[in-house]
Each structure stands twice: as structure tokens, then as C-alpha cells.
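6 protein chains.
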Amino acid sequence: MKNALFAGTFDPFTIGHQDIVNRALPLFDKIIIAIGVNDEKKNVFSLEERLEIVKQAFNNHPNIKVDSYTGLTGEFCKKINAQFLIRGVRNTIDFQYESDLAQANKELFDLETLFFITSTTLSHVSSSLVKELYKNKGNYLKYLP
Amino acid sequence: MKNALFAGTFDPFTIGHQDIVNRALPLFDKIIIAIGVNDEKKNVFSLEERLEIVKQAFNNHPNIKVDSYTGLTGEFCKKINAQFLIRGVRNTIDFQYESDLAQANKELFDLETLFFITSTTLSHVSSSLVKELYKNKGNYLKYLP
Amino acid sequence: MKNALFAGTFDPFTIGHQDIVNRALPLFDKIIIAIGVNDEKKNVFSLEERLEIVKQAFNNHPNIKVDSYTGLTGEFCKKINAQFLIRGVRNTIDFQYESDLAQANKELFDLETLFFITSTTLSHVSSSLVKELYKNKGNYLKYLP
Amino acid sequence: MKNALFAGTFDPFTIGHQDIVNRALPLFDKIIIAIGVNDEKKNVFSLEERLEIVKQAFNNHPNIKVDSYTGLTGEFCKKINAQFLIRGVRNTIDFQYESDLAQANKELFDLETLFFITSTTLSHVSSSLVKELYKNKGNYLKYLP
Amino acid sequence: MKNALFAGTFDPFTIGHQDIVNRALPLFDKIIIAIGVNDEKKNVFSLEERLEIVKQAFNNHPNIKVDSYTGLTGEFCKKINAQFLIRGVRNTIDFQYESDLAQANKELFDLETLFFITSTTLSHVSSSLVKELYKNKGNYLKYLP
Amino acid sequence: MKNALFAGTFDPFTIGHQDIVNRALPLFDKIIIAIGVNDEKKNVFSLEERLEIVKQAFNNHPNIKVDSYTGLTGEFCKKINAQFLIRGVRNTIDFQYESDLAQANKELFDLETLFFITSTTLSHVSSSLVKELYKNKGNYLKYLP
Chain A
138 MKNALFAGTF DPFTIGHQDI VNRALPLFDK IIIAIGVNDE KKNVFSLEER
188 LEIVKQAFNN HPNIKVDSYT GLTGEFCKKI NAQFLIRGVR NTIDFQYESD
238 LAQANKELFD LETLFFITST TLSHVSSSLV KELYKNKGNY LKYLP
Chain B
138 MKNALFAGTF DPFTIGHQDI VNRALPLFDK IIIAIGVNDE KKNVFSLEER
188 LEIVKQAFNN HPNIKVDSYT GLTGEFCKKI NAQFLIRGVR NTIDFQYESD
238 LAQANKELFD LETLFFITST TLSHVSSSLV KELYKNKGNY LKYLP
Chain C
138 MKNALFAGTF DPFTIGHQDI VNRALPLFDK IIIAIGVNDE KKNVFSLEER
188 LEIVKQAFNN HPNIKVDSYT GLTGEFCKKI NAQFLIRGVR NTIDFQYESD
238 LAQANKELFD LETLFFITST TLSHVSSSLV KELYKNKGNY LKYLP
Chain D
138 MKNALFAGTF DPFTIGHQDI VNRALPLFDK IIIAIGVNDE KKNVFSLEER
188 LEIVKQAFNN HPNIKVDSYT GLTGEFCKKI NAQFLIRGVR NTIDFQYESD
238 LAQANKELFD LETLFFITST TLSHVSSSLV KELYKNKGNY LKYLP
Chain E
138 MKNALFAGTF DPFTIGHQDI VNRALPLFDK IIIAIGVNDE KKNVFSLEER
188 LEIVKQAFNN HPNIKVDSYT GLTGEFCKKI NAQFLIRGVR NTIDFQYESD
238 LAQANKELFD LETLFFITST TLSHVSSSLV KELYKNKGNY LKYLP
Chain F
138 MKNALFAGTF DPFTIGHQDI VNRALPLFDK IIIAIGVNDE KKNVFSLEER
188 LEIVKQAFNN HPNIKVDSYT GLTGEFCKKI NAQFLIRGVR NTIDFQYESD
238 LAQANKELFD LETLFFITST TLSHVSSSLV KELYKNKGNY LKYLP
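Respectively, the protein sequence lines represent chains A, B, C, D, E and F.
Take the first sequence: its letters are residues 138 to 282, numbered as in the numbering used here.
Take the second sequence: its letters are residues 138 to 282, numbered as in the numbering used here.
Take the third sequence: its letters are residues 138 to 282, numbered as in the numbering used here.
Take the fourth sequence: its letters are residues 138 to 282, numbered as in the numbering used here.
Take the fifth sequence: its letters are residues 138 to 282, numbered as in the numbering used here.
Take the sixth sequence: its letters are residues 138 to 282, numbered as in the numbering used here.
Just chain A, same shape as in the assembly (with noise of 0.2 Å):
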């Protein structure tokens, strides 16, 4: 079984991470989508609406699993047992924080991480984007699965 872990904060999961998603699916049996809790984090979307949206996106795919968790995402993979990290990369910036992360990974917990260049035309969203536009009530959905 190769089974990968699609991990983030995920507030909200946008039509980006959806694409990512998509394009992993053929190479794995299993990809298990997670939210990771982090207490110290003010998020705009709750637990709930941000699992809502993904389980929506996905609509019970039999290859996904939507779950959350707290701790570390090294530690989550193993308990899981996903073998594989999923990251999508944006551009330099996001690059050179996941290759740290991913050196970080591979060193504590032996996994590996595969990274997905996002698609031309998704490339400029992101969560941030989607936080700002539902704050001053734009239109958000646009950049929602």
C-alpha cells in the first residue's frame, strides 16, 4: 500500500490544493488529507467548516480520507502509515520553505516528500488570498472547490 499525507492548515483548502490533490492521485492507494491542529493558530475558518470543505471537494472519493490531527506531521505519517508527504509549491518562496521542511522530514522520520508545481492558472492562490477576500466580503467562493 503507498499511501501519502496531504497535511496543512488548510484555512480554507482552495481549488490549488484541490488540483494538487488530483494530480497525486494516480500514484498512490491511498491519499489521507489532514488538517493539523495547532492551538496557538487564530484561524478564519473553523475545524469543522475547513473538514467540511475538503470532504465536499473530495465527495467520498474511496482512494481519500479526510481526518485532523495535533503533533507533529512526521509523527501523524507514521501512526497513519503514509510513506510519502504531498506538498504543492507556488513559487521560490513556498520552494525554499518546503525544501527545509523536507530535509527536516526525511532526517527525524525517513519520509519523503513529492512536490507538485502548481498550475499556471492557480498559481497566484492561496489561502491568504481566500482569507482576505472573505474578510472584506469579495468573492471568495470563486477560489473554493
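Keep in mind that the hints are not guaranteed to be accurate.
Claimed, not checked - Derived pair list, reagent style DSSO-like, types lysine-lysine, alpha-carbon separation capped at 30 Å: (1) Lys179/B x Lys178/D; (2) Lys179/A x Lys202/C; (3) Lys179/C x Lys192/C; (4) Lys139/F x Lys192/E.
To be verified - Every beta carbon over 10 Å from chain A, so not counted as near; a handful from chain D, in silico: (5) Gly145; (6) Arg160; (7) Leu162; (8) Gly173; (9) Glu185; (10) Gln193; (11) Phe213; (12) Tyr234; (13) Glu235; (14) Glu244; (15) Thr257; (16) Thr258; (17) Ser260; (18) His261; (19) Ser265; (20) Lys279.
Don't read these hints as lab results, they were simulated from the structure.
Yeah, the Cβ is synthetic: ideal placement off N, Cα and C, and Gly gets one too.
Starting from the known structure of chain A, arrange chains B, C, D, E and F on it as the hints suggest.
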């Protein structure tokens, strides 16, 4: 069958390239390592030498095939039935270049590109470095498989 | 009438911002410099102080209007009839952030963003630097208009 | 008269270049698209072919002039009375290169450079990509105007 | 006397920081490692803990002094008679940030900043990573001196 | 004796290079400025011209020696007993390139590389810019020492 192409000039194939292939292996049924032949480029190592270095690096591994090709990488993928491209990314400059290429291959050939970030201890190893050492009688063998 | 908006938190407006406005002026009939008000952000300079610094910098220049706004920048542009956004870019990190924003404003509001690269002698001048100097009783006035 | 120069090797002029000119047009009385001729560079498309592609892209638009030049871009600007340079920026590597050039043109010729960020759907389109497709009999026409 | 300041929040001091100091030591008569105290920042490790980690890392080395300070780094340099600042740079994002800071310190305090690039095997080690591991009961000690 | 090598093609040596040497001087007993000779590279200025420009820039300064070499920079360091390499970094692209080189020189020759960030007013000055001006009869002397 999930097949991936790892294409490049590989002038020469380094321990950095070898690392990427080893890390990608668990995800695929077969990885084809193919040297793109381009008459305009002056290479330091001959095609035969370059093929030999790759072959010795994997020593008849049953899931690895070594080949060479001319023309567009995307068309070679169709011919050998590879649905995925594998790329190693060492830093933000690599990333930017590879990002454009991946998006063109998606648009023109509907090919998916998977990125692996080079292991920390190999992030400075490149074919250019090896060529520089080789030309100046430095210890280039240190970075060959 | 070609109108451009130069929007920001301007906490505070620096000689770097002033330079961008002066360089953009020949292109437009009017430039509106507007401070985006965001209750969540804690600012070091009050809105009144920030407006005052901008006003003094341009001293009733007939083609420059100073204002403040809440909500989305794109909607404020529609309201004041500005067809262009002006942005200064200091470095690659600025660039990446601004690039996403520009593409969202194009997609959501059909707004065009023009970029000016900060003059060499001012490329290290930022509101963050000025705030740091201000808080620690350093010579922050050096970087104000 | 506000005149801008859009200069380049344009080997060849792509739909990405065309997009930049169309977006800059509302700001200027005239845009001069000029091919810089450099004997040292080996081009894939001849000067005549390159001029023809640009001309056909804009089809005698009254505000667009197509030309070629030798020597420094800054001196050509003086000659044709262009006060502005227009540049498209696709990514952080472009940005860094263009930033140096803009600052040299400011210092040496007092020329102002305006930057436009490439539209998301065209950010991977470059003359290099088109040349690669052309040489390998790929669908290069897809990216020409 | 050539003295250098290595300043930071050091929340906490990592083996990456230790590596920079060891590599800079041959160049100076004395290196002062000083923790900048900023009441606005919430730190995970207390000032006492942070000082203790640094002290234990260098174990009374005759050429290293450990200290803390408030206010501007540039003014602290004057006070302790340090003519140089030492900084480690892990990647392009660090570089951009540090570049601005170095130019401000040059302009405001005539201080010279020397940069060392983090060793390959430590390039992913940061205080943020250690804090994340610490909060989630991961093996954070691996990255402390 | 603390000796540092400042090596490069220096085609030609610019006021940017001169600035780096002047800023590094207080740290070393001797700085050797050496032109790396590479038969494959076509240079615009001859080796003699390049050496002459460097010599005139420092006018028999007692702590500066001007030289040329072939082969690997690391081996030349051993020969002249230089323990440090000095490099100027203008931007993130320079940084990425220099970072790889520094790590290879550390690994292969146990050499330490010190980086200085180019002064703001000189960050756009490069040998490429000077060559471009020289070839097109522009004011290239402005950027020579």
C-alpha cells in the same frame, strides 16, 4: 504500469542524480533514465561514457532502463509510455527553470512532473561542478556514482 | 483621465515610497495615495500621523490626492475610478508577493498593476526598518520624506 | 507625447510579449517595438522573420511602430524620443536581471523602466521554449501571435 | 583588536549557529555572541535558558563572550567596540533579509557585515524548526549544541 | 598570516570588485587578487589589460598582491597559502551560485568563503554591464576603478 522518465544531458550523471532515482523508485514500476542528445551542445563526456556511467550506477536493476533519445522529451515519453517526469531540484534557480518546463510539458503533452528536493549533503553537487573538476584534474570521481 | 492608486499600510510612508510616486507621476493625470485601514493590524504610527506624513511629502501637489480606505483595494479602485495600481518592488521576495496580488487583482477586478523597481540607493529602506529605528530611538527621520 | 520602447531580441516574439504590449498600450501615445540586433548572437529566426511576426501581431495598429536597432538600448531611446522602457517579468530570475538593467538605464540615460508581470496563463511561455519546440518540430505556432 | 558581534534572538541557539561561530573564530580576536532582548516578541525559551545554551556550547572559550542587549544592534556594537557583524545565511530568503539589514547597518553605523553560508548538512536547521519540535515533544535536542 | 584570495575572471575588474576588496582589507594580512585564466572563455579584455586595471586600482598597496592562475581555485589557494576566499554577492542569483561553490570548496579543499554584500549604490554594476557598454561605445569607464 506506472512509468517515469528521468531525462537529462547527464554530462555526467552524478551521485546527486543517483540519489533522486533511488528515492523515486518505490513509486514506480519502471524508471527510464534517458540521455537527451542535442547536437548543438558540446559535451565533455561522450554519449557512450555517459550511458556507461548511468548503467554502472544501477547495475542492471530490474526496474531501471537506460536509454538515449533525440527530439522533444514529451514526445519520447509518449513513445516509451511514461506518464510521469521526475526532476531533482537543488535550489530556487533550478526550481524556476523546472517550473516553466513542467508547465509546458503539462500543457503540450499532458505530462505530470514530480519534483524531489536534493538531499542536503548533495545540494552543491552538479554536473557543472564535476566538469570543472574533470577539466582541471581535480577529484571529480568523488561525485560520480 | 488616467488615474492610479498607490495603496499601502504606510506605517510609515518612507522616502522609498515617495521616490516611487515621483517616478510614476509623469504617466498619470492623478495618483491617489491611500492608506488601507485594517483593524487587525497593530500599527506604530496612528492613521492621522500616517496621513500627515504623506500629505507633507507632496505638499498639495495638484495631481496627488491622499486618502484612506477600508475593504478590498480592488473595490476602492472602482470607487475612485483608478484603472491602475502602482507598486514599488525592492527585491525578489517583494516581487513574488506582489506578483500574486497583481494576478488576483487582474482576475477579480480587471485592474492592471505597474511595477517600479526601487532606486539602488533606497533598496534597503522599508517601513519595517523605520519602525525598528523609531522604537529604539534611532535616527528614523533619515528615511522619512 | 508619451512614448515607450519595448526592446528585445524577440527570437521569436511570443504571445507573452504580445500580452505585455496590449496591457501597456493604454498608458502611452506610442509604443515602439524594436528588435536589438547583435551580431554575436546566433538567432534561430532571421531578423526579417522576427520583424514580420511582430508586424503581423499588431497589424498596423496606429499607436505601435515596429523597428530594429544596433547599439545601446538607452541611446536608441534618445534617438526615437522614448522616455520609458517597458519590460515583462515572468519570474524572480527575470526580475533580478531586469532590475540591474533598469538601474543602469536610470543611471546612464535617465530612463524610467515600467514592469508588467506576465499573465498567469502565459508565465511559462518564453522565446527559449518556442525555439526548442521549433527545432524539434513541436507545436511552436501555439505560442506565436 | 578585531571584534565581531554575532547577534540574534537565539530562541534557541542551534548547532547551525554554533557552526557559524566556529568558522568565524579564526578571523577575530574576540566574538561576542549577544541575545537581543525585545519585549514584544514572545519567546519559547527564557532569556536565562537561551544564555545558558550559548555558554555551554562554547564552554568558556577565551575568545568568546556571551551577552545580552536591548536597543539597536548597531549601537550595541559601538558600546562593545565591535567593528564587524557576523551573519549566517541559509538560503535566498535569509539572504534578501540580511542584505537589507547589512546595508542599513553600513549606512547608519558604518558597520561591516560578514556572511557565512551554512554548511550543507545544517542548511535546514533553524530556531523555528527546533521550537516546532520542542512544542510537539519531538527530538529537538538533536539540533542543540 | 591571514591571507585571502579574491579570484575571478575580472573581464573587467569593476568599482564593485574594488569596493569588496577595500571592505575586506581590514580583516587580512594580505589579499591576493587573482585572475583565473580559462582558455575556453572568450574575454573582451586581454589578460594583460585585466591585470593592469587591477594593479592601477590599488596602486602598489602593500597588503594587496595581483596575480593570475590556471586550474582549480582551491589548489591555487593551497599554493599561495590563502586560507580564505572572498566573494561579493550582488543578489539572490549570485548568492545561489556562490553558495554551491563555497560548499564545494569547503568539502574539497577545506577552504572558508567570506561573503560581502555589494554596496547599494553599486549593486547593479557587473562585468557584463561594463562589457556591454564597452562593445557599444558607451561610457564604460564610469564603472572602472
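Hint check results:
1. Between lysine 179/B and lysine 178/D the alpha-carbon distance is near 17 Å, which keeps this suggested pair within the 30 Å criterion.
2. In summary, the hint linking lysine 179/A to lysine 202/C is not supported, as the alpha carbons are separated by about 36 Å, beyond the 30 Å threshold.
3. Taken as a hint, the lysine 179/C and lysine 192/C pair is honoured in the structure, with Cα atoms around 22 Å apart against an allowance of 30 Å.
4. Annotation: proposed proximity of lysine 139/F to lysine 192/E holds, straight-line Cα distance about 28 Å (limit 30 Å).
5. Glycine 145/D, annotated as away from the interface, keeps every beta carbon of chain A farther than 10 Å; the closest lies near 22 Å.
6. At roughly 16 Å, the least C-beta separation between arginine 160/D and chain A is larger than 10 Å, which holds for a residue marked as non-interface.
7. Against the 10 Å criterion, leucine 162/D stays outside the reach of chain A, whose nearest CB is about 23 Å from its own CB.
8. Distance check for glycine 173/D against chain A: the nearest CB is about 28 Å away, which clears 10 Å, and the non-interface claim stands.
9. No beta-carbon of chain A comes within 10 Å of the beta-carbon of glutamate 185/D; the shortest separation is about 32 Å.
10. No Cβ of chain A approaches the Cβ of glutamine 193/D within 10 Å, the least distance being about 26 Å, so the stated non-interface status holds.
11. No Cβ of chain A comes within 10 Å of the Cβ of phenylalanine 213/D; the nearest lies about 33 Å off, and the non-interface call holds.
12. Against chain A, the non-interface label of tyrosine 234/D holds: every CB pair exceeds 10 Å, the least being about 15 Å.
13. For glutamate 235/D, the requirement that its beta carbon stay farther than 10 Å from each beta carbon of chain A is met, with the minimum near 16 Å.
14. With a least CB separation of 28 Å from chain A, glutamate 244/D remains clear of the 10 Å interface cut-off, as annotated.
15. Against the 10 Å criterion, threonine 257/D falls within the reach of chain A, whose nearest CB is about 5 Å from its own CB.
16. Non-interface status of threonine 258/D relative to chain A is broken: a Cβ of that chain comes within 10 Å, the nearest being about 6 Å off.
17. At roughly 6 Å, the least C-beta separation between serine 260/D and chain A is not larger than 10 Å, which violates its mark as non-interface.
18. The claim that histidine 261/D is not at the interface with chain A is violated, since a C-beta of that chain comes within 10 Å of its own (minimum 6 Å).
19. The Cβ of serine 265/D lies farther than 10 Å from every Cβ of chain A, with a closest approach of about 17 Å, so its non-interface assignment holds.
20. Once the 10 Å rule is applied to beta carbons, lysine 279/D is consistent with being away from chain A; the minimum gap is 14 Å.
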